[in-house]
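Enquirer: These are the residues of each chain, in order.
There are 2 protein chains.
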Amino acid sequence: MGKFDMDQLRKQMDDVNLKLLELINERATVVQKIGEIKSKQSMNRFDPVRERDMIDKIISNNHGPFENSTIEHIFKEIFKASLELQEDDHRKALLV
Amino acid sequence: MGKFDMDQLRKQMDDVNLKLLELINERATVVQKIGEIKSKQSMNRFDPVRERDMIDKIISNNHGPFENSTIEHIFKEIFKASLELQEDDHRKALLV
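Protein chains in written order, with this note's numbering: chain A, -10 to 85; chain B, -10 to 85.
These are computed hints drawn from the structure, not numbers from a lab. Take the hints with a grain of salt, since some may be wrong.
Identical copies carry no separate label here, and so any pair may be met within one copy or between two of them.
Stated by the list, open to error - With a straight-line cut-off of 27 Å between C-alpha atoms, the simulated BS3-like cross-links for lysine-lysine are:
| no. | residue 1 | residue 2 |
| --- | --- | --- |
| 1 | -8 | 65 |
| 2 | 81 | 8 |
| 3 | 22 | 0 |
| 4 | 81 | 46 |
| 5 | 8 | 29 |
| 6 | 29 | 0 |
| 7 | 69 | 46 |
| 8 | 27 | 81 |
| 9 | 27 | 46 |
| 10 | 65 | 46 |
| 11 | -8 | 81 |
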């Protein structure tokens, strides 16, 4: 194993990073649509039961190498960012 | 917009979550391979220059809805978890 393998692996990593970026933003778009519906129906944007349900579905499909606790931590960061995005959208809507 | 749209969006969200899970773990597998090479060549596992380079590549491809700062935050969490995974692998290798 040498420089060639390392370059190949780094290239692969960059590709995965961009696919991840695309999916994280795709998820954010879905979150925004859900936020719009919730806003119209005056529903609470934070839904801990739905969040737990999502985490459970994700964890039950986790075959590593990341541990369940790590996967849960990463997704909770994504959820938190998504909630902030919905709140920003809501604030902007109120300002119109 | 009603219950039907919400159910559809939630289904879409669950699908994206599982694709994200798959990619995050695919990334972790690449990280482990890189960790093995680095271990054999006694290279430092944490490489801030490479990390900055990855973040820059990701950010330059970010078209939202998430802000660059949010994307950077999420990826740094993934990087941190990846480094911990490499360190676990290294500790296990030392124990063999």
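Enquirer: Now tell me if each hint is right for this structure.
Expert: Going down the list of hints, with the structure as the test:
| no. | hint | verdict |
| --- | --- | --- |
| 1 | -8 to 65 | between (36 Å within a copy, 25 Å between copies) |
| 2 | 81 to 8 | neither (29 Å within a copy, 30 Å between copies) |
| 3 | 22 to 0 | between (34 Å within a copy, 13 Å between copies) |
| 4 | 81 to 46 | neither (32 Å within a copy, 29 Å between copies) |
| 5 | 8 to 29 | neither (32 Å within a copy, 29 Å between copies) |
| 6 | 29 to 0 | between (44 Å within a copy, 20 Å between copies) |
| 7 | 69 to 46 | both (18 Å within a copy, 24 Å between copies) |
| 8 | 27 to 81 | within (15 Å within a copy, 47 Å between copies) |
| 9 | 27 to 46 | within (22 Å within a copy, 34 Å between copies) |
| 10 | 65 to 46 | both (13 Å within a copy, 24 Å between copies) |
| 11 | -8 to 81 | between (50 Å within a copy, 25 Å between copies) |
Hints 2, 4 and 5, counting from the list given before, are not met by this structure.
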